[in-house]
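Undergrad: Put the two chains together into one complex; each comes in its own frame, and the hints tell you how they fit.
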Amino acid sequence: MGLLDEYNFPFCVTAHAFNHDKTQVAVCPNSNEVHIYQRSGTQWTLGHVLAEHDLRVTSIDWAPRTNRLVTCSQDKNAYVWTQDATGTWRPTLVHLRIQRAATQAKWSPQENKFAVASGDKCVAVCYFGEDNDWWVSKHIKRPIASTVLCVAWHPNNVLLACGGTDMKARVLSAFIKGVDEKPVASAWGERLPFNTLCGEFAAPSGGWIHGVAFSPDGESVAFVSHDSSLTVATPASGDVVSVRAPGLPFVTLAWPAADTIVTAGHDCSPMVYTRDGASWRLVKRLGEDDRSRRSATASPSSGNSAFNLFRQMDSRNQPARPGSAADGGSLRSIHQNTITEMHRDPTSDADISTSGLDGKLAQWSIRA
Amino acid sequence: MAHRKLAIDDLDVENQEMTEQMQFMSTRSNEEVASMVDQKAAAVRAAITRGNSIEALEKALADPPYGRGLEPAQSSNAQLVSEILMATRAQDIASVVANLADEDRDVLLKYIYHGLARPAEFNCGVLLSWHERIVENGGLGSIVRVMSDRRVV
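Protein sequences appear in the order of chains A and B.
If you use full-length UniProt numbering, the first sequence corresponds to residues 1 to 368, in order.
If you use full-length UniProt numbering, the second sequence corresponds to residues 1 to 153, in order.
Okay, chain B solo, but in the shape it has when bound (with noise of 0.2 angstroms):
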């Protein structure tokens, strides 16, 4: 059992390729990705207190930041999402989720899957409202689709 105290992804030399090769298919830096999250910030903030929510969605989830050692600028950006989903009314969810792009809709629910394993961080209750409409809209196919993608978000 000596393999559970090994962190195996980091010893997995495939693995290491693979995401570094999804790293190689974007141009940016690590500092830039990080820098881009943050002006994100700002756009979408202003967007949540005009109330329009899909908009601000639309913002928050284009160009995740995917690959590895990129945990604070990943963190920030669910965190952002998860202020967009709170903010939101319950009963626009569904018409929220109804306007969302398909693309939009895998990864909002990359990020709720994100919110659900960090319960100390986020509101579960409400992640879990939007996960009960993105699957009514995206059927099991969608969470088929976060499980499948090896760009963890």
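Okay, chain A solo, but in the shape it has when bound (with noise of 0.2 angstroms):
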């Protein structure tokens, strides 16, 4: 488990996605653009600059098998992005008919539906209306009560995870009649017209939900919360398990494989945790033991090195200066900021990505 490949943009990356094969990337620079960078060697180089909206987009999501990008932003808009013949990027409007900022667009596992979360307290589940040749949204607003801030689709293309500002993480219908066939019936429910509330669960200690995944098959639910904690619910056998972590608040996990969930967030270092027994736990913090910079004095519990630098300053009674501080003033994580974005990679199911606040973007193994 460890490091694939890091890349560092001399902007924040506040939204990345990767296309089917990793050879493109599209990230968000912080601003209302979409930067799409091609591989080349070890460097990215800028193919394409998608601008459309008027605010910052919020999240970019990349189809990989119809080769679509969805983007949401704050100026209450989302487009689909397809490329024409001669490579370049046309948007196509959609009617989301949202009154405030979208937060996050997910394209569903079939990727003929896309789910926006927005500060609307509403989801809207948007899919293609032939006949005017545009896309079209129904919205899932009960018993939503406040900003919905992230969403994660069922493999049966039909549930939808949402989780937001009401500390409510809640998992809903978004069958849409003519696009979907009627799902197998499952521990979430058997009949589900859209918007049937299929379960609602909550942190220990309250909290935003930052983060919501299905697991691989479907069964069970996993959300991260501002409480830094991780719980995972199954409706199959009613239990929802929660993992108290011991650092900052989680913004976004993966579930890569049965077992395995990654989460990151505030810490700056994705942390694998593994199924045990019940209960999940934690097995690896990635990519901080195989950096060479590391410092004597550093706390076994955080990768602080603010909180070194004071303790140096009051037990030693050194001041601080630049070159003496811990770890020469930078993290002990690979990420020197809070991750933002973490993905599955398209690819690989041992494989994420992640990308934060200090502009880098990285590859991780989750290989055992």
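Hints are supplied without guarantee of correctness; some may be wrong.
To be verified - To spell it out: a stretch of chain A is covered by chain B in this simulated footprint if at least three of its residues, at any positions, have a beta carbon under 8 angstroms from a beta carbon of chain B; those stretches are:
| # | region |
| --- | --- |
| 1 | 222 to 236 |
| 2 | 239 to 248 |
Stated by the list, open to error - Away from chain A, derived, C-beta distances all over 12 angstroms, residues of chain B:
| # | residue |
| --- | --- |
| 3 | E31 |
| 4 | M36 |
| 5 | A41 |
| 6 | A42 |
| 7 | A43 |
| 8 | G69 |
| 9 | E83 |
| 10 | D92 |
| 11 | I93 |
| 12 | N99 |
| 13 | R105 |
| 14 | L116 |
| 15 | P119 |
| 16 | A120 |
| 17 | G139 |
Calculated directly from the structure, the hints in this document are not laboratory data.
Here the structure is a predicted model, which means the values were calculated and not measured.
Cβ coordinates follow ideal geometry from the N, Cα and C atoms, glycine included.
TA: Take a look at the structure:
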């Protein structure tokens, strides 16, 4: 398990999405534009700039098979981008009908729908309306009480998990007549008309739900919350297991394989959790031990160099000098600032990619 | 700046709904909760005199009186917890903290912050030494949980 690849962009990366074979990556440089970079050797070179949004782009998702991009932004819009014969990306407006910013957009597993979470206390499920030749949305409103921060699709293309600032993670049905076929009955429910609530969960100490993900088989849903916890709910057994993390809150997670959940957030390192009986156990903090920069005074529970700096000043009466700070002022982890997004690798179940406020785009292997 | 003169939490409708939701989750009335705290006190003080801090803490931290309108019960429960913390010897603090359940540790940290906010009534030196041990054990995450949890003790 460890770092496969890292690249430093000269800007904060607030959203990223790889294409189907990781030869291209779409990133948002903390602005209203989306940049598409092409892999060339160990570098990424700028290919296209997609500038259609008016405000910051909050989320990008790249559908691997149909090669379409969906972007959503604080300007209450979302666009679906397709590449035409000349290679230019052309936007198609989506009729979202939301009155507040969009926070996250995700393609469904079959790539015929996508869900947009918004600050308008709803999730807009969008599908292509042939008659008008644009993307139409249906809103999931009840019982969402506040901004939705994250969405995740169940493998059956119908169920949707969402979490937000009302401190609840919910699983709802996003069944669209005419687009979806009736799903197989599962532990989440049998008859699932649009907007059916299939489950509602909360973290042990409350807190906004920042990230949500289904297991690969869809039997469980996991979410991370601002109370530094990871919670996994399985409706079939009725278990809701929470793991209290020892560090700062997580903001994103991925569930790449049946027994492995990876989370990341304000502690700047991806954390790999593995199933341990009924609960989950932290196995590894990626990227923290194969670095040669280690400080002798580093505290065991956190990679916190500011803490160590003041402790040195206190105990040894050493004034802070730039060179003498632990690790030269940088963190033990690969990312030097909060990791904002983590995605499963489209090519492999054993890999994930992360991007963060330090501008780094990193790819990791979680193969044991 | 007129809002600074207003008790904004009392006027915030959503905040009231949230705490009322929490209160509805508890099936007991305010009076019942207050009497529960008093009943706990006898058992807890007995455990303190026997020198069994862990048992005393577990009893005192069980079923915290969350909710609005429960300030007397909350402050008497906090005093109870403070008695246990002061009665424990300094060298035993680490082992007591290690033997507490995760949930109990988080509730204990809430009481420690409750006490630190009222330095006139609580011994902050003792509270700080307990704080250090709990954060050694539970990490920054336990402090984050105290801050993010709407159920204030």
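Undergrad: So, for every hint listed, does it hold in this structure?
TA: To see whether the hints hold, each was checked on the structure:
1. Coverage of the region 222 to 236 of chain A by chain B holds. Counting CB-CB distances below 8 angstroms, 5 residues qualify, and the rule asks for three or more.
2. For the region 239 to 248 of chain A, the stated coverage by chain B holds: 5 residues have a C-beta nearer than 8 angstroms to a C-beta of that chain, and at least 3 were required.
3. At the 12 angstroms boundary, the C-beta of E31 of chain B stays outside the reach of chain A, the nearest C-beta of that chain being 26 angstroms off.
4. The claim that M36 of chain B lies off the interface holds: its Cβ sits roughly 22 angstroms from the closest Cβ of chain A, which is beyond the 12 angstroms cut-off.
5. The claim that A41 of chain B is not at the interface with chain A holds, since no C-beta of that chain comes within 12 angstroms of its own (minimum 26 angstroms).
6. Distance check on A42 of chain B: its Cβ is at least 30 angstroms (rounded) from any Cβ of chain A, clearing the 12 angstroms threshold; non-interface status holds.
7. At roughly 26 angstroms, the least C-beta separation between A43 of chain B and chain A is larger than 12 angstroms, which holds for a residue marked as non-interface.
8. Look at G69 of chain B: its CB is around 20 angstroms from the nearest CB on chain A, clear of 12 angstroms, so calling it non-interface holds up.
9. Annotated as non-interface, E83 of chain B keeps its C-beta farther than 12 angstroms from every C-beta of chain A; the closest such distance is 25 angstroms.
10. Distance check for D92 of chain B against chain A: the nearest CB is about 22 angstroms away, which clears 12 angstroms, and the non-interface claim stands.
11. Every Cβ of chain A is farther than 12 angstroms from the Cβ of I93 of chain B; the closest lies at roughly 17 angstroms, confirming the non-interface assignment.
12. For N99 of chain B, the condition that its CB be more than 12 angstroms from all CB atoms of chain A holds, with the nearest at approximately 16 angstroms.
13. With a least beta-carbon separation of about 9 angstroms from chain A, R105 of chain B fails to lie farther than 12 angstroms from that chain, contradicting its non-interface assignment.
14. Distance to chain A confirms L116 of chain B as a non-interface residue, since its nearest Cβ pair spans about 19 angstroms, more than 12 angstroms.
15. Annotated as non-interface, P119 of chain B keeps its C-beta farther than 12 angstroms from every C-beta of chain A; the closest such distance is 22 angstroms.
16. For A120 of chain B, the shortest C-beta to C-beta distance to chain A comes to about 28 angstroms, beyond the 12 angstroms cut-off, and the non-interface label holds.
17. Against chain A, the non-interface label of G139 of chain B is violated: not every CB pair exceeds 12 angstroms, the least being about 3 angstroms.
The structure is inconsistent with the numbered hints 13 and 17, although it conforms to all the rest.
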